[in-house]
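K.L.:
Input sequences plus hints: build the corresponding full structure.
Given next are the chains, with one letter for each unit.
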Amino acid sequence: MTRSQLTSPRLPAHRGPMAQGIRAGRGAIWAMVVLGCGLAGGCITVSAPEEPIVIELNINIKQEVIYRLAADAGNTIEQNPGIF
Amino acid sequence: MNRTTTLSPSARFGTLLAAAVLSVLALAAPAQAQRDPAYEAARASGQVGERTDGYLGIVGQADRALRSIVDDINIRRRALYAEKAQAAGATLEEYAFTAGCLAIARTVPGEKYQAPDGSWQTRSSAPPVRDPRCP
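Sequence order for the protein chains is A and B. Under the working numbering, the first residue of the first sequence carries the number 1, and numbering increases by one thereafter. Under the working numbering, the first residue of the second sequence carries the number 1, and numbering increases by one thereafter.
For the record, the hints were derived by calculation from the structure and aren't laboratory data. Yeah, the Cβ is synthetic: ideal placement off N, Cα and C, and Gly gets one too. Among the hints, erroneous ones may be present.
Below, a sample of chain B positions facing chain A; criterion: calculated Cβ distance under 10 angstroms [said to hold, decoys possible]:
1. Ala-33
2. Arg-35
3. Tyr-39
4. Glu-50
5. Gly-54
6. Asp-72
7. Ile-73
8. Arg-76
9. Tyr-81
10. Lys-84
11. Ala-87
12. Ala-88
13. Tyr-95
14. Ala-103
15. Arg-106
16. Cys-134
Residues of chain B placed beyond 12 angstroms of chain A at every Cβ, according to the derived structure [unchecked claim]:
17. Ile-58
18. Gly-60
19. Trp-120
P.N.:
Dropping the structure here:
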């Protein structure tokens, strides 16, 4: 009988006082990091550029995709001479 | 007497085949038609040109008739690109851009095309200035 008690130990239903202390400590560390960032002025400031931002949409088209589509597109053009 | 007027089985088959071919051609004709004369004239005179994005552009002054021709062609091109792009597993823009590369390459001397910098160029006998990604 004593044997079965040794081989199947049960976890405590509640976290012990030590574990609660660790959790609280972790929150405190985060609070200090955030506060420290603000106090030390370590935050990066971003200023908007003077010129308008132009996004070139065509730049997203990859050359490999164009090469893959070339034969298909060529056929499409040849089969529709009325609109090309 | 009767025999001479009726067609032999092989001749009858040939007639049916010819009729079938003609009907298919007749059905296909509207979609495969050649360029409209007004469109052909606008191309030849440089009023319209091939844009880098795969659509037709108006080079100079845009009057209502020309705008109508160009819009009609571009709407039909877009529908075609969309259908073909989906079949090829590509985006509409990718397919249209590829077609634009090829359409610019197919321009004949005297016709207009858009260079990668957006300017309109007149095609000479030399190869057109195209995007470096063009095949």
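K.L.:
Does the nearest C-beta of chain A fall within a distance shorter than 10 angstroms of the C-beta of Asp-72/B?
P.N.:
Result: holds, 8 angstroms to nearest chain A Cβ.
K.L.:
Is the interface hint for Tyr-81/B satisfied, with its Cβ closer than 10 angstroms to some Cβ of chain A?
P.N.:
8 angstroms, holds
K.L.:
Does Ile-73/B hold up as a contact with chain A if the rule is Cβ-Cβ below 10 angstroms?
P.N.:
5 angstroms, holds
K.L.:
Can the hint on Ala-87/B be confirmed by a CB-to-CB distance to chain A that is less than 10 angstroms?
P.N.:
Constraint on Ala-87/B satisfied, holds at 8 angstroms.
K.L.:
Confirm or reject the statement that Trp-120/B sits farther than 12 angstroms, beta carbon to beta carbon, from all of chain A.
P.N.:
With a cut-off of 12 angstroms, Trp-120/B remains clear of chain A, as the shortest Cβ separation is near 17 angstroms.
K.L.:
Per the CB criterion, is Ala-88/B less than 10 angstroms away from chain A?
P.N.:
5 angstroms, holds
K.L.:
Hint validation: Ala-33/B versus chain A, beta carbon distance must be below 10 angstroms. Holds or violated?
P.N.:
For Ala-33/B, the interface hint holds, since the closest Cβ of chain A sits about 4 angstroms away, which is under 10 angstroms.
K.L.:
Hold the hint about Arg-106/B up to the distance rule: shortest CB distance to chain A must be less than 10 angstroms.
P.N.:
7 angstroms, holds
K.L.:
Should the hint that Arg-76/B touches chain A count as held when the rule is a Cβ pair under 10 angstroms?
P.N.:
5 angstroms, holds
K.L.:
Is the nearest Cβ of chain A still more than 12 angstroms from the Cβ of Gly-60/B?
P.N.:
Per Cβ check, Gly-60/B is outside 12 angstroms of chain A; nearest 21 angstroms; holds.
K.L.:
Please verify that hint: Gly-54/B, Cβ, nearest Cβ of chain A, below 10 angstroms or not.
P.N.:
8 angstroms, holds
K.L.:
Hey, does the Arg-35/B contact hint survive, CB to chain A under 10 angstroms?
P.N.:
Since the shortest Cβ distance to chain A is 6 angstroms, the answer is holds.
Violated hints for the displayed structure: none, as all numbered hints are satisfied.
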